[in-house]
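Protein sequence lines correspond, in order, to chains A and B.
Everything in the first sequence is counted per this note's numbering, starting at 1 for the first residue and increasing by one.
Everything in the second sequence is counted per this note's numbering, starting at 1 for the first residue and increasing by one.
In case anyone wonders, no lab produced these hints; they're calculated from the structure.
What you are looking at is a predicted structure, and each value in this text was computed from that prediction instead of being measured.
Virtual Cβ for every residue (Gly too), placed ideally from N, Cα, C.
One should not assume that every hint holds.
Said to hold, decoys possible - Covered stretches of chain B (chain A as the covering partner; in silico rule of three or more C-beta atoms under 8 Å from a C-beta of chain A):
no. : region
1   : 8 to 19
2   : 28 to 34
3   : 40 to 50
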Amino acid sequence: MAEESTAIDPMHQFQVQTIADLFTIGDTQIAFTNSAAWMVATVVALWLFMLGGMKQAVVPGRWQMMVEGFTGFVTKLVDENIGKGGRKYLPYIFSLFMFILFANLLGMLPLGLVGLHPFTFTSHFTVTGVLAIMSFSIVLIVGFWKHGLKFFSLFVPHGTPVPMIPLIFFIELISFAFRPFSLGLRLFVAMTAGHILLKVLAGFVINSTNAGALWGGVVGIPSFALMVGISALEVLVAGIQAYVFALLTSLYIHDAEHLH
Amino acid sequence: MPQIEQLAATYGSQIFWLLVTFGIVYLVIGRGMARKVVGTVELRDRTVAEDLSSAEAARASADQAEEQWRAQENAAREQAKRKLAEARAAGAKASEQRLGAANAELDAKVSEAEARIAAAQQAALTEIGAVAADAARDIVRRVAETEVEEAEARKAVEKVLHG
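Starting from the given sequences, assemble the full structure and let the hints guide the process.
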């Protein structure tokens, strides 16, 4: 992790490293990278987790109960926020929530201790951006498919005075257009910031301890204590960001389904 | 920041692998496994609700059966009470009749006996008159040494006996 003994680069953890150059599409190189490896790991972990809940027992065991807890949580989220006709989006929202949650949590694993390079692919806006664009595309497609041009009435709230309509329409349109950016950037920023903070504190611990026992005691130990607390906070953030992404997607789909 | 520095070099592979992995998650986990789990939960909820409602129905029918049984029981008791009262009334009437008949018989016997007693008294009285007349003739014969006619003696005795 440390390239030099004194300088610890907190950004190194976000480096995408190529494992195998696979093929090109047009001029774009499609390589299998550490990021892709963690995506595959996320899929496998999620699949294994879900497999434990597939016994379909009438009286569920612990694992099945846990899986049913997650599906129940997302089902409730979808029912409450999309409402009527929301169940057909359940597979998408559930996939989104679980994929982001598992990616966030896997990126938190202290695998650096055994020499692996832990990588959180949700800290890359190429990834979160694609997820946000997917959610936003669903909103646009469903909205225009169901309501046609009436979908634009979403930008004029009920009871807007007639002279205000052009202005309100313009403002609402801009706020609507910014939704995919806020959706994608929120997850990217939260993950990146947390990981940088942890790495900076880890650098403090290492460098201060290398500078001697006194600095190690004054700076290193409090930094380490802070790291423990922030790690717990990051686990919470991992869950909250996945929930927020799924929640906002449901709310946007609600707009597309019911307009208001 | 590698996210920006490596953007041009890695965006293709990032997007490609994200679409592949998320596609697998959506198809296998979202559409396949999650649906089955949700189905299991719904099936369980429905079974529990059905069991509860059938138990409720069974309880209601048991209550109804008990109510019916109670009504039947009450009717039977009422009938038994009525029959008992009838039998008692019939018995009382029959014994009264028999008592009345026995009384009448006794009365008849008593009055017959009384009549016999009166006749016997009458006979005895006449007998006494005859005996008294004989005795009076006898006394007259011994005292006055004269014969008195039987009819005369009898008349005299009658006079004394009846004032």
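Original post:
Going through the earlier hints one by one, which of them does the structure break, listed in rising order?
Top reply: none
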